[in-house]
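In order, the protein sequences belong to chains R and G.
Using the working numbering, you'd call the opening residue of the first sequence number 1 and step up by one each time.
Using the working numbering, you'd call the opening residue of the second sequence number 1001 and step up by one each time.
Bear in mind the hints are in silico, worked out from the structure with no lab data behind them.
Please note that the accuracy of each hint is not assured.
[Claimed, not checked] Within a straight-line C-alpha distance of at most 30 Å, the following computed DSSO-like cross-link-like pairs (lysine-lysine) qualify: (1) R:Lys81 - G:Lys1001; (2) R:Lys99 - G:Lys1001; (3) G:Lys1057 - G:Lys1013; (4) R:Lys99 - G:Lys1013.
No experiment lies behind these values; they were computed from the predicted model shown.
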Amino acid sequence: GQSLEQPSEVTAVEGAIVQINCTYQTSGFYGLSWYQQHDGGAPTFLSYNALDGLEETGRFSSFLSRSDSYGYLLLQELQMKDSASYFCAVRSITGGGNKLTFGTGTQLKVEL
Amino acid sequence: KAGVTQTPRYLIKTRGQQVTLSCSPISGHRSVSWYQQTPGQGLQFLFEYFSETQRNKGNFPGRFSGRQFSNSRSEMNVSTLELGDSALYLCASSLADRGPGLSTDTQYFGPGTRLTVL
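Could you build all of it, start to finish, from the sequences and the hints given here?
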């Protein structure tokens, strides 16, 4: 099976940098994805790491280390609108199809 | 291009009833997945359909079923509703259908159907 663990809650101030970690146990996956979900809204895709290393997309960066079974999402220049839940997710190589297994989710609170 | 749409947005049912939820994927997307989201269990995979065939199934009882039509629209059905079925049901579509890569792993979610079972 697969499991992805995240901290349940992270709090940071506006303008700061925050890192949301994702540690996983999985037999094999194509890549690590990150999704953002605002209260009452749908998850939206943020970032994807197919290979180890850092991927940067504007204020958001994501990192993957398969050898350490670890990834993280880095949010820079935090804004109030970044207050949301963030999920890491993987798609298994062996399962086939497009089944995504999501992490436990991290609620990010951005304060003034 | 229009996004993923789901109907209805909100639904209230009583125990023992059944419910059918509908999802229209983004035009050109043939893979449609369904997820259940609850505060206690998080986002859990229900099933995935591709070209009218169920390709993957999560660990949910047989009361949960689905289907996909030739135009890629999908429906899910829950029979004999239980209180624990109260949740946000999310539908997601993706462009590619197999193998590695961003286009396959990126799923586009609809706004969800909020189901309340009384």
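Against the structure, the hints:
Of the pairs offered as hints, the one joining Lys81 (chain R) and Lys1001 (chain G) holds, with about 25 Å between alpha carbons and a cut-off of 30 Å not exceeded. A distance of roughly 24 Å separates the Cα atoms of Lys99 (chain R) and Lys1001 (chain G); the hinted pair therefore holds under the 30 Å criterion. A distance of roughly 25 Å separates the Cα atoms of Lys1057 (chain G) and Lys1013 (chain G); the hinted pair therefore holds under the 30 Å criterion. Pair hint Lys99 (chain R) plus Lys1013 (chain G) holds up; C-alpha atoms about 28 Å apart against a cutoff of 30 Å.
Figure legend: structure checked against the earlier numbered hints; every hint is met.
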